[in-house]
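Student: Sequence:
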Amino acid sequence: MWAHSLTVQDYQDLIDRGWRRSGSYCYKPEMNTTCCPSYTIKCDATNFRLNKSHKKIIKRVNKFLRDGLKGADDERVSNGEGTGEEGGADLEMGEVARNPRKELAVGEFKPVGTVEVARDGLVAKEQQVKPAGSDSNLSAKSQPTSQGGPPKKAKLLRIERKRERLIQKGLSAEEIASSMRAAKGKNVEKSLEDFLDEAPKEGEEAAHRLKLVTISIASDEFRRTLDRSFALYSKYQTAVHNDLPGAISEYQDFLVKSPLKMAPGQSSPSCGLGSYHQQYWLDDRLIAVGVIDILPSCVSSVYFFYDPEFRFLSLGTYGSLRELAFTRRLQQQLASISSYYMGFYIHSCPKMRYKSNLSPSFLLCPEVYSWHPLDQRVIGLLDRSKYSRLNEDPAAEDTNRTKSVDVKNVLILHGSSYQRYSSYLKDIGSPELEPNVITYAKLVGKVCSSRMLLYEG
1 MWAHSLTVQD YQDLIDRGWR RSGSYCYKPE MNTTCCPSYT IKCDATNFRL
51 NKSHKKIIKR VNKFLRDGLK GADDERVSNG EGTGEEGGAD LEMGEVARNP
101 RKELAVGEFK PVGTVEVARD GLVAKEQQVK PAGSDSNLSA KSQPTSQGGP
151 PKKAKLLRIE RKRERLIQKG LSAEEIASSM RAAKGKNVEK SLEDFLDEAP
201 KEGEEAAHRL KLVTISIASD EFRRTLDRSF ALYSKYQTAV HNDLPGAISE
251 YQDFLVKSPL KMAPGQSSPS CGLGSYHQQY WLDDRLIAVG VIDILPSCVS
301 SVYFFYDPEF RFLSLGTYGS LRELAFTRRL QQQLASISSY YMGFYIHSCP
351 KMRYKSNLSP SFLLCPEVYS WHPLDQRVIG LLDRSKYSRL NEDPAAEDTN
401 RTKSVDVKNV LILHGSSYQR YSSYLKDIGS PELEPNVITY AKLVGKVCSS
451 RMLLYEG
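Read in UniProt numbering, the sequence shown has 448 at position 448, and its numbers run on one by one without any break.
Be careful, since some hints might not be right.
Unchecked claim - With a straight-line Cα cutoff of 20 Å, these simulated PhoX-like cross-link-like pairs (lysine-lysine) come out:
| hint | residue 1 | residue 2 |
| --- | --- | --- |
| 1 | Lys442 | Lys408 |
| 2 | Lys28 | Lys52 |
| 3 | Lys442 | Lys386 |
| 4 | Lys403 | Lys351 |
Said to hold, decoys possible - DEER-style ranges, computed between Cβ atoms:
| hint | residue 1 | residue 2 | range |
| --- | --- | --- | --- |
| 5 | Gln332 | Ala218 | 22 to 32 Å |
| 6 | Val405 | Ser249 | 37 to 47 Å |
| 7 | Ser359 | Asp427 | 50 to 60 Å |
| 8 | Val405 | Ser359 | 38 to 48 Å |
| 9 | Lys211 | Ala395 | 17 to 27 Å |
Source of the hints: derived by calculation from the structure; they are not laboratory data. Quick caveat: nothing in here was measured; it's all calculated off a predicted structure. Just so you know, even glycine gets a beta-carbon here, dropped at the ideal spot from N, CA and C.
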């Protein structure tokens with residue numbers, strides 16, 4: 001389905017019915033017929049829990065920023081023996097997304113028409129964020145002091161850095177000692193933000209600086225950096241996916257063009273709702289880009305690509321953690337933004353497993369469009385059958401299902417005006433359009449079919 005223009009609320013409703021976008025091309029898997037069913041997956045960002053692997057990745061990045069060195073385990077990851085993650089929300093959908101017309105011949109997705117916006121939906125800064133990290137990598141448990149003496153243990157280094165932060169806040173020696181004793185007594189588990197906050201600060205000695213910049217695809221800054229982001233994308237696609245270098249227009253169609261209408265306003269976060277690129281700058285070098293949509297209820301990851309020279313940093317997973325932290329920060333401005341959408345999850349694909357490691361995660365039922373924890377029950381269902389109804393209640397139905405009586409309310413764009421399908425039939429008299437209208441209404445749901453415009457052309 002080709003979308004010329006969508007409100008952020010319309011697209012939020014579409015992805016909650018299993019749709020995804022690639023540029024302006026929107027697609028929805030035919031789950032019960034495809035060989036590899038693709039379940040929409042999201043993570044509850046509010047209650048996200050770091051696992052041991054996540055902590056090690058953040059620490060590895062931080063260690064590299066501090067000393068510029070790679071450890072033995074970093075070389076192992078760089079040589080392809082790491083976690084199996086590659087980055088990119090819809091890695092296995094990449095060929096579909098980049099070549100939609102080629103994919104249509106396979107028949108796994110059904111084109112249903114062209115969408116315009118019937119009316120405006122929900123009204124919707126550049127940020128610079130330093131990355132996270134700690135003081136050791138996977139194999140090195142200590143690092144030498146700046147004086148070249150015996151190495152300091154990681155725990156001691158963390159304590160010293162915490163003390164330095166308290167000093168910078170202006171606390172007295174007695175207040176610092178009291179704070180350290182209180183923290184030791186509580187033994188509170190560190191959050192994602194705590195780990196990210198351990199990155200080298202301004203003024204601290206470090207080998208590198210990593211800056212994350214969120215920019216709108218419509219901004220002048222984005223246009224100034226377009227050639228550099230395209231060069232990075234080409235390098236990534238060639239090295240990681242063995243793709244031949246393409247034209248910049250193909251890159252723009254895939255990851256730059258977006259049908260989403262920017263929605264600034266009081267009901268939105270300060271940056272506004274819409275499509276963005278998050279650029280990761282190592283000193284003055286662009287090493288990764290995350291393509292995201294900020295929607296009324298979530299941050300949706302579209303794609304992620306990085307410089308293969310820095311594969312040892314596990315930037316795919318690291319980028320997901322940064323985007324999760326970004327989601328949590330946006331929720332402080334707009335409470336409804338509580339989830340991080342990771343695209344599709346294919347249970348039989350090992351490269352998708354890293355998505356399930358972001359916990360708690362939920363899969364979308366392909367029949368009822370309800371959300372279900374990716375727990376042992378759901379894993380058992382998918383182990384037994386690639387396609388499965390996830391909702392246990394046999395009586396549960398899709399509450400947004402389009403019934404036959406609702407088809408008459410579908411909005412049809414004809415020429416320069418639009419009207420309900422029932423009126424269109426009376427005025428134009430083209431019943432041959434009806435099969436496409438019925439299919440379209442069924443796939444987008446009753447709400448969107450009565451709010452978006454289907455182009456009759």
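Student: Starting from the hint 50 to 60 Å, judge whether the C-beta atoms of Ser359 and Asp427 obey it.
Tutor: 54 Å Cβ-Cβ, so the 50 to 60 Å window holds.
Student: Just to be careful, I want the Cα atoms of Lys442 and Lys408 compared with a cutoff of 20 Å; is the pair within it?
Tutor: Holds, because 12 Å separates the two Cα atoms, which is no more than 20 Å.
Student: Is 37 to 47 Å right for how far apart the beta carbons of Val405 and Ser249 are?
Tutor: Between Val405 and Ser249, where Cβ atoms are some 44 Å apart, the hint holds.
Student: Return holds or violated for the Cβ distance of Val405 and Ser359 against the range 38 to 48 Å.
Tutor: holds (42 Å)
Student: Kindly confirm whether 17 to 27 Å is satisfied by the beta carbon distance between Lys211 and Ala395.
Tutor: violated (53 Å)
Student: Is the Cα-Cα distance between Lys403 and Lys351 20 Å or less?
Tutor: violated (38 Å)
Student: Against the range 22 to 32 Å, how does the distance between the Cβ atoms of Gln332 and Ala218 compare: consistent or not?
Tutor: holds (25 Å)
Student: Under the criterion that the straight-line Cα-Cα distance not exceed 20 Å, is the pair Lys442, Lys386 satisfied?
Tutor: Violated, at about 23 Å.
Student: Are Lys28 and Lys52 close enough, with their CA atoms no more than 20 Å apart?
Tutor: Answer violated: Lys28 to Lys52 is near 34 Å, above 20 Å.
This entry does not satisfy hints 2, 3, 4, 9, going by the numbered hints stated previously.
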